[in-house]
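These are the residues of each chain, in order.
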Amino acid sequence: MLCGKRFDGVSSVKVIAALSGGVDSAVAAARAVEAGHDVTGVHLALSRNPASYRTGSRGCCTIEDAGDARRAADVIGIPFYVWDLSERFHADVVEDFIAEYADGRTPNPCVRCNERIKFAAVLDKALALGFDAVATGHYARLVSGVDGEVELHRSVDPSKDQSYVLGVLTQDQLAHSLFPLGGSTKPEVRAEAAARGLAVAAKPDSHDICFISDGDTAGWLRGRLGASTGEIVDSSGEVLGTHEGSFGFTVGQRRGLRLDRPAPDGRPRYVLDIEPVTGRVTVGSRAELRVDSLVAATPRWCGAAPVNAFSCTVQLRAHGEQLPATARVRCESAEVAGVPPVVHIDLEEPASGVAPGQAAVLYDGTRVLGCATIARTSRSADAPA
Amino acid sequence: MSAAPEAPVAYLDHAATTSVYPEVIEVMARLMGSVGNASSLHGSGRTARRVVEESRETLAAVVNARPSEVVFTSGGTEADNLAIKGLFWSRRREDPRRTRILASSVEHHAVLDPLHWLSAEAGADVELLPVDADARLDVEALRAAIDTDPAGLALITVMLANNEVGTLEPLDEVVALASAHGIPVHTDAVQAVGQLPIDFAAIGVDAMTITGHKIGGPFGVGALLLRRDATVVPLLHGGGQERDVRSGTSDVPAIVGLAAAAELSVKRMPERAPYLSGLRDRLIDGVLEAVPDAQLNGPEGDGRLPGNAHLSFPGCEGDSLLMLLDAQGIECSTGSACSAGVPQASHVLLAMGRDDATARSSLRFSLGHSSVPADVDRVITAIAPAVRRACSAGSVSTESPR
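Protein sequence lines correspond, in order, to chains A and B.
Residues in the first sequence are numbered consecutively from 1, following our numbering.
Residues in the second sequence are numbered consecutively from 386, following our numbering.
Isolated chain B (complex conformation) (with noise of 0.2 Å):
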């Protein structure tokens, strides 16, 4: 027996994964009834190959990159991994003073926890640097951290977008600062592609992350955007493939509906993303007004993604929150990250200042290709019940034993 609700669902999650666009599906359904290994000799090996390094001109262009600066890689976690890990080492390499790391305290797990693993297990360096209460990096703390030791430093990464509150992070000034001193940045633009203009070689990072799964592409594919003067070390050594920085069997129908995700969201985000944030802000507006005691967490307008609403309910569980709303069809996210399914208040909400209760209160509501006004809509009609059943529970579950 299944529990389906009867009205259909009000997907507000876009930021953790997309639909895939039909057009993707039909090309990649295509695709898996084909048989070829991109790296074969042979006219099937031939077409195979053809296929994959169309794509990777398509995303080339879209991203504005050259065709020889994308790695496929199995996903955004990878393309992350391979970044750090491998701009780390092959600096290292070069230079065994370059131990420093510098990031922002709000990027994600993807890049936190590696840069956790490289202190902890290869001698790095890392320090996370302050952001404002929107969560935006402090700058100024970055040039003092860079002016500490500019030699030291092996590698930079700030993210394009924080994944959680949707703010814009001052990436032009993290490379300017960071291209006096030589020093690579690398740049996790997962949420930021489709909903922001993506220009490689005008941001002028060593190296970005995206992946497809966001972007109405599918799971399991994404790429490192690599500078070509960029030297990494692979994670996995193997069959050579992609510059052999990144070996493994191309996956073909990944790669190709992988492109053609990204060509479908950049060339419709000049529309999109002005209706995305009509829509965001209209949510917002909503919320606010039905829940006068709810806050916003980021900047307002365009400082942030066109697609992100994240809300704090003071007193409120998010969990007890995103239950009752899920119970109605609207899902939406806490925005933290779970062991066993238990909720740790989220570090980016934490680094903005907030308190552990504040950061627990939370509801981050995103928007994507999908989204129609009428979800928003329902949201505004359910949030203030929401909020004030949770509210009850929430004040029981705190209170002393009866």
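Chain A extracted, bound-state conformation (with noise of 0.2 Å):
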């Protein structure tokens, strides 16, 4: 059993540290081996083509972040290897991200990515090929429960807090991580990179969408969905104006609307709905986008799943607030077996720009409980505007 304090008991555990090339997965590598385990450094390579992914020193997936990881491998003193992910990558993350922006929703490829590759593909090659763990340089901490079970908390570091990105784990996943960075700000972990000799150091943080090479999300997605006119209509129907393509648009997105006539009472107006087979785009003012009740599909759970409501905080989006609700989880027709659960959630407070496609974390403090995918949102008519 791997759980108990967390690895930190054994003397050393076979570990593959994910090493993407930027300075968080080095420092993680690093302190994997100072902490006794025997680390070997993996580099993903996630396109067949590097090039065709970001360039510089802005993304995950180049040439030259392969080479940074190798570099940083050398420093840590460990052996390194490129593991060549990019079938399932493009199975798993980027058509993906194509067909759920086709049904008009907003998918978080990086959350695609952790369920699906990071702690998925890859931490079930580690475990056939004879290793413990996988560590990556995610700012979230492991805290072993008291009944065995790991907890994902958040990191201590709020502004680079990435459990939102991992709660879609499952225990199973996370009692094969390692997460040596969630004690940790990023200035520190950038001092430490630099105290280490770690050339990546000063490298910049990544951001965006590293498989769209120029972070023009809307240009990629019409180059493969091709582009398709819809209407831009207000909440009563009215045809305010056209687009060329509802991928374009993100539930909660006020700018690039593009609109001729502005709102009759001159305030900014918001995508409030897609509609994926006519393409339609709904807008309206603020006032309208507040929601306060979600329904969130697949749900998956860090531990044992809930059965009854309970209170909770929930983030809706990657660096979202923290939002306190109460949580239920229910088949969507109670009776019939089979059915997958979902998750009901009523915010105590309304939120606006609630994507579906999104994914809904919930958390008891700084615990991570679980996550499902938004669905559909809804607004209760006595709910202040």
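Some hints here could point you the wrong way.
Stated by the list, open to error - Incomplete in silico selection of chain B near chain A, CB under 7 Å:
1. Met708
2. Arg774
3. Ser777
4. Ala778
Keep in mind that the hints were calculated from the coordinates and are not lab data.
Ideal Cβ placement from N, Cα and C applies to all residues, glycine included.
Given two chains presented individually in distinct reference frames, assemble the corresponding complex, making use of the accompanying hints.
Here you go:
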């Protein structure tokens, strides 16, 4: 069993350290070595054609990043290999991303990558090859719970916390994970990288989506989904304009609507809804954007699945706020066996810009309880606007 | 902190590079302490030049060439580029119809990439000829390709022995077919020196590539054996060294090291080749016994390089196997080319008719001058558990997401 003090009491376990070529994963690998583990560095090749992904220092998938990862492994003094995950990544992350947008949702590819690549394909391969765990540079903490369960908690650095994109991990996945950076702040990690002689110490953080090389998500999607014009309407159905593809929009978006006519009250308008089949995009006021109830599908729980309604906080997008809420798990039609459960989440205060496709991650204090994908949102009639 | 393996390394990657002979290190170290440009006219220059020319004579003697046929280069890649581009340019200059180049489809990238470049940038019509399931050139396909338009042929290039699967190519037949039409032939003999008898004059090719670091010599030096009557357009222009074919100040210690390594390799070849083929067959038999599913790639026995064993392990990824063996100090190769470390299926195995998965499931073990029976024994002991483990990892990485 790998619980107890989360590997700390074990003299040496065999660890695959995923090295992206950035500063965080390099320091995480160095710390795993220092903790006494037998560490092997692995860079994940996510594209067969690395030049098609981000270039320069901004992304995670380039030839330069592979070289930086290799040099970090040299400095840390661990073996280094490149694992070709390009086919899995394309099928499980890139195609999923495209399909989600085509369905009018706003996916989070980092969640998908953690769920299906880093802590699935990579972890499975590592375990099969005789390793015990995968270490990454995510800012999140793993804590041994009272009953031997591994708890996932927020990082001590709230500005870097990445527990949101890890909320999708199951107990089994968490039990085979190491997040050596969860107790540190980013400045501490950078300083440590410099002190360790890691050349990536000053490398800029990666942002945006690693497989969209120029950061133009709408343009990238247009190239794959094709332009398909649609109407932009207000909530009464009145047509305000047209667009060249509903995938260019996200619920809560304000910029780039390109509407000729201002709203009657002169206030900004926001995307309220995206209809995938017709491509119809509904816009409205900030007040209309606010929701206080949502349904999220395909829940995954870090520990045992909760049965009753429970109080929690919920985070509805990366770097989003923590919102007090009440959640309950239920089947859409409870009597029908085999129907996958969904989570109903009632927010104490309405929230804006809640986009279907994003992850709803539920917390108890700093502890992650689980994660589900936002399917639909609603606003009760008496909700304060 | 360093993850040094406890046991000494079993180095089974001599086709990638070899350790330098102690005798070579000694002579190179001595020369690195002396001043003198081989092109200078004073005493130090004359001494340097004498050393270079003696090395040229030594090298020529061990491969049965004339000293004037030795063009020192920075290594095998440069020699291949010089031969292919240089012969193409000079032959087309003589007759603009000569735009065709024929090559086997299993050449090294130092041959294939210049061919692709000439095709893309210089109007060359490159035809890559098929090989059989053992990577041996289809001579009838070569004959047919020549007969299509012999006057349009600039050159033919076929390696002496394949670097991945060790197959010896039918160079006699290539030369016979080409010489009937006066078409120059280049061969990459990088893997063959020290493992096979090499007789430049008898082979009858116009140009032959060799390199230092595959034969117990240093990196960064090689040679193109180039017949006196073969004309190549230089790649490098400058001081006019090396018959005005390859300008650049002579790297005296490296040239001496190359010649010394070639001399030692060729001198020791009669004992080493049978010794290596014995070890090789023991390795192949032992692995096939331990892993009955494994398949030998390339011909058996005398049809392949004495030091080459290349095997596929169906259901495994070669990369996983390499990693598991590396962790035990057993060093071999997947034989695949990498860009950003992303392994591509070997063009050699694909040309042999293997599918992508089989090509990716392969390992090359290459023996050389430092190989001992214990190296082979370690492979035989380690291979079956490694294959079991790699196969289980291979199956998870292809299944659908959990």
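Evaluation of the provided hints:
The beta carbon of B/Met708 is positioned within 7 Å of a beta carbon in chain A (closest approach about 5 Å), and the interface hint is therefore held. Here the hint on B/Arg774 is kept, as its CB sits about 6 Å from the closest CB of chain A, short of 7 Å. Because the beta carbon of B/Ser777 sits about 4 Å from the nearest beta carbon in chain A, less than 7 Å, this interface hint is met. With 7 Å as the threshold, the beta carbon of B/Ala778 comes within range of chain A, its nearest partner Cβ sitting at about 4 Å, so the hint holds.
The structure agrees with every numbered hint stated previously.
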